[in-house]
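Residue numbers (the numbering used here), protein chains in the order written: chain A, 1 to 125; chain B, 1001 to 1144.
It is worth saying that the hints were derived from the structure and are not from the lab. For each residue, glycine too, the CB sits at the ideal point set by N, CA and C. Take the hints with a grain of salt, since some may be wrong.
As the list claims (entries may be wrong) - In silico DSS-like cross-links for lysine-lysine, where the CA-CA straight-line distance does not exceed 25 Å:
#: 1; chain 1: B; residue 1: LYS1048; chain 2: A; residue 2: LYS4
#: 2; chain 1: A; residue 1: LYS124; chain 2: A; residue 2: LYS4
#: 3; chain 1: B; residue 1: LYS1048; chain 2: A; residue 2: LYS97
#: 4; chain 1: A; residue 1: LYS73; chain 2: A; residue 2: LYS108
To be verified - Below, a sample of chain A positions facing chain B; criterion: calculated Cβ distance under 8 Å:
#: 5; residue: ALA86
#: 6; residue: THR87
#: 7; residue: PHE107
#: 8; residue: ASP111
To be verified - Derived list of chain B stretches under chain A, where covered just means 3 residues or more per stretch with a C-beta under 8 Å from a C-beta of chain A:
#: 9; segment: 1043-1051
#: 10; segment: 1076-1086
#: 11; segment: 1090-1102
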Amino acid sequence: MEKKIKLLVVDDEAIVGKRLKPSLEKHGYEVETLGNGRSAIERIGKKDFDIIITDVRMDDVDGMQILEHVMAKSPRTKVIIITGYATVELAREALVKGAFDFIAKPFKPSDLRVIIEKAAKELKP
Amino acid sequence: MQRNKIIVVIFEDLNIREVAVHYAEVLAQRINAQIIFLLLMEYNSDSKDEVELLKQKYKDIILKRISEIIGNNISVQAEVMVGNRRSEFYKFLASHRSFHTAVWGGDENAAMEKTGRSAGHWMARIKDELSCPLVIPKKKYKLR
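If we strip away everything but chain A, and leave its shape as in the complex, we get (with noise of 0.2 Å):
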């Protein structure tokens, strides 16, 4: 059996995640979801995953902060930013500091998936 891809969702809009989260499942993903960056840090540090989506705008601990952290730590680990408050200087910074993609609120669910599907491709060896 193939083994399923581990995706963390972390937005600290709740509803993000929990709409993400069954429509990823359906698609053989499994998701966790969580609400602020200091718990994703705390959850990457415990497990690997192989794709993050994180939004950008969190308190206390940010997206660019996970993605730096998660670049640092699993360098393969493919980071996807969302965000609702896209500038050209964040896409910027997204992309020099490795993240995979960068997308803006709102979008399509669908545009999510083929990113997602993409960077599930590059896992694979």
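Given chain A, work out where chain B should sit, using these hints.
Same frame as chain A, but now just chain B:
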């Protein structure tokens, strides 16, 4: 001669608006700039090979069409980006140095309106963030 200035002409589909192409051509001649014709298209595929093939095919179509419209004394390039248009445009801007001018080659009204039918258009929401002017050429412009 080296051309440091870049004009980007943005399309949403292969309906190449000649007025936008001519505007960019005249401006490029005037300021000695090169032009990048950028097609932002929504297409869902997780196959990198398929997307690359599609991008190449569309680049060829754009360059052929452009060569039918403008002279060959201007340096032109075509780029195709596939995915959520607004996000792809952010990434395009993030991966290039600044542009002299952006020329909108899509629907004339779409990029203008912040209220009404086109209020939700991605370009209407993003244009104020551009670090260069966004020109939406109308059929009656007088540059020549």
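Going down the list of hints, with the structure as the test:
1. B/LYS1048 x A/LYS4: The hint holds at about 21 Å.
2. A/LYS124 x A/LYS4: holds (12 Å)
3. B/LYS1048 x A/LYS97: Judged against 25 Å, a Cα distance of about 22 Å means the pair holds.
4. A/LYS73 x A/LYS108: Answer violated: A/LYS73 to A/LYS108 is near 30 Å, above 25 Å.
5. ALA86: holds (5 Å)
6. THR87: Constraint on A/THR87 satisfied, holds at 6 Å.
7. PHE107: Hint holds; A/PHE107 Cβ to chain B Cβ min 5 Å, cut 8 Å.
8. ASP111: Holds, because the Cβ-Cβ distance from A/ASP111 to chain B comes to roughly 4 Å (cut-off 8 Å).
9. 1043-1051: holds (count 4)
10. 1076-1086: Answer holds; 3 residues pass the 8 Å Cβ test.
11. 1090-1102: holds (count 5)
The earlier numbered hint that this structure contradicts is number 4, and it is the only one.
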